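> Sequence:
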Amino acid sequence: MIPAAFDYYRPKDVEGVIALLQEHGDDARVMAGGHSLIPMMKLRMAEVPHLIDLQDIAALKGITIDGDTITIGAMVTQHELINHDGLSAAAPILSEAALQIADPQVRYMGTVGGNIANGDPGNDMPGLMQCLNAQIELLGPEGTRKVAAREYYEAAYMTNREDDEVLISVRFAAPTGGYSYEKQKRKIGDYATAAAAVQITKAEGKVATASIAMTNLSDVPVWSEDAGDALVGTTCDTEAMKAAVAAMLGDIDPTEDNRGPVAFKRHVAGIILTRAITRAWDRA
Numbered sequence: 001m002i003p004a005a006f007d008y009y010r011p012k013d014v015e016g017v018i019a020l021l022q023e024h025g026d027d028a029r030v031m032a033g034g035h036s037l038i039p040m041m042k043l044r045m046a047e048v049p050h051l052i053d054l055q056d057i058a059a060l061k062g063i064t065i066d067g068d069t070i071t072i073g074a075m076v077t078q079h080e081l082i083n084h085d086g087l088s089a090a091a092p093i094l095s096e097a098a099l100q101i102a103d104p105q106v107r108y109m110g111t112v113g114g115n116i117a118n119g120d121p122g123n124d125m126p127g128l129m130q131c132l133n134a135q136i137e138l139l140g141p142e143g144t145r146k147v148a149a150r151e152y153y154e155a156a157y158m159t160n161r162e163d164d165e166v167l168i169s170v171r172f173a174a175p176t177g178g179y180s181y182e183k184q185k186r187k188i189g190d191y192a193t194a195a196a197a198v199q200i201t202k203a204e205g206k207v208a209t210a211s212i213a214m215t216n217l218s219d220v221p222v223w224s225e226d227a228g229d230a231l232v233g234t235t236c237d238t239e240a241m242k243a244a245v246a247a248m249l250g251d252i253d254p255t256e257d258n259r260g261p262v263a264f265k266r267h268v269a270g271i272i273l274t275r276a277i278t279r280a281w282d283r284a
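Under this note's numbering, the very last position in the sequence shown is 284; numbers go up by exactly one each time.
To be clear, the hints were calculated from the coordinates, so they are not data collected in a lab. All figures in this text were calculated on a predicted structure; none of them were measured in a lab. Hints are supplied without guarantee of correctness; some may be wrong.
[As the list claims (entries may be wrong)] Taking lysine to aspartate or glutamate and the EDC-like style, the derived pairs with C-alpha atoms no more than 20 Å apart in a straight line are: (1) K202 <-> D219; (2) K242 <-> D219; (3) K206 <-> E162; (4) K202 <-> E162; (5) K61 <-> E15; (6) K146 <-> D164; (7) K61 <-> D85; (8) K42 <-> D56; (9) K42 <-> D66; (10) K42 <-> D190; (11) K187 <-> D103; (12) K202 <-> D229; (13) K206 <-> D226; (14) K202 <-> D68; (15) K185 <-> D53; (16) K202 <-> D103; (17) K185 <-> E239; (18) K187 <-> D85.
[To be verified] Pair ranges (Cβ atoms, derived): (19) A246 <-> N83: 22 to 28 Å; (20) N133 <-> G25: 46 to 52 Å; (21) R10 <-> V106: 17 to 23 Å; (22) D226 <-> N258: 39 to 45 Å; (23) K187 <-> A5: 41 to 47 Å; (24) I38 <-> D85: 19 to 25 Å; (25) N133 <-> A246: 32 to 38 Å; (26) D85 <-> A19: 34 to 40 Å; (27) A263 <-> A208: 47 to 53 Å.
The beta carbon of each residue, even a glycine, is placed where N, CA and C say it ideally should be.
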C-alpha cells in the first residue's frame, strides 16, 4: 500500500531533531533504519504527518570500546555489529544475536537504536540489552538522561522515552564468561517464536553469575532474575537447568498468534533456554 502524505525532514544534528519534535509534537516520528515504521505507514497502521530521518547525523554513529565500557551509537547497523573486530572480541554475543536478525539486506540498514527504541516485543536487541544490563542514553530538551534497559520497557510499543526525546546511544560493561543467543523462528527473516540471551561466569567450577533474558514471550522483553539465580552455585546440571527454565516460565506471559498457541510457545521457550544455558556454560 501507499502511506498517507507526510513531510520529510533530514536534519544534520540531534539539536535539529529535538527542535522538530518540539515543534510538531505527537505528529512527528523519528526514523532510524525504518524497518518497523515504514511498513506500518504503508499499511496505514501508523499515520506520521512529519517524518524525521536520522541517517545524516554523524554523532549517532560509531562504536567505542574504552577499557571495559562499550558504547554503541543509535545509528550503528546490525551489519556493523557483526563486522566490527573489536566488538566481536569484547562482546561476541552481540554479533551472534545480530546474525540471527532478519537477512543481510535488512541488517545493512537496520540499526541498534531503532531496534531498541520503539518497544517492539519481537525485536532482538531489547532482551539482549537487558541481559547485558545496558544503560540507554536519551537526549531531550532538558539534556541527556540514562535509563536502565531493564526499566525502559513498559508495554508493547510503550517505553520510558518521552515524545520529545531521542535515543542516542547504549552503553554497557564488556561481558565476561560464557554467552549464547539462541532463537527459534518459523523462517529466515521472521521474528522469534522464542529467543534467549544468556551470560554466565564461572568460579571454582560453578556458576558465579548468570543473566537471562527472553524475547517475544510477553509484551515486553523479560529479564528473568530468578532464572539466573537458579543457576548460581551449580554446575549447570540437569536439575539446575530445569529450575532455571521453571523460573523463566513463571516470568513470561506469551499470547496466541500465528506463531502458535500459548502452550507451544512455552514449550519452545524451555527448549531454547536450555540450549542457550548449555552453550553459555560450555563457553564459560
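> Against which earlier hints does the structure fall short, listed by number upward?
1, 2, 3, 4, 8, 9, 15, 16, 17, 18, 19, 20, 22, 23, 24, 25, 27
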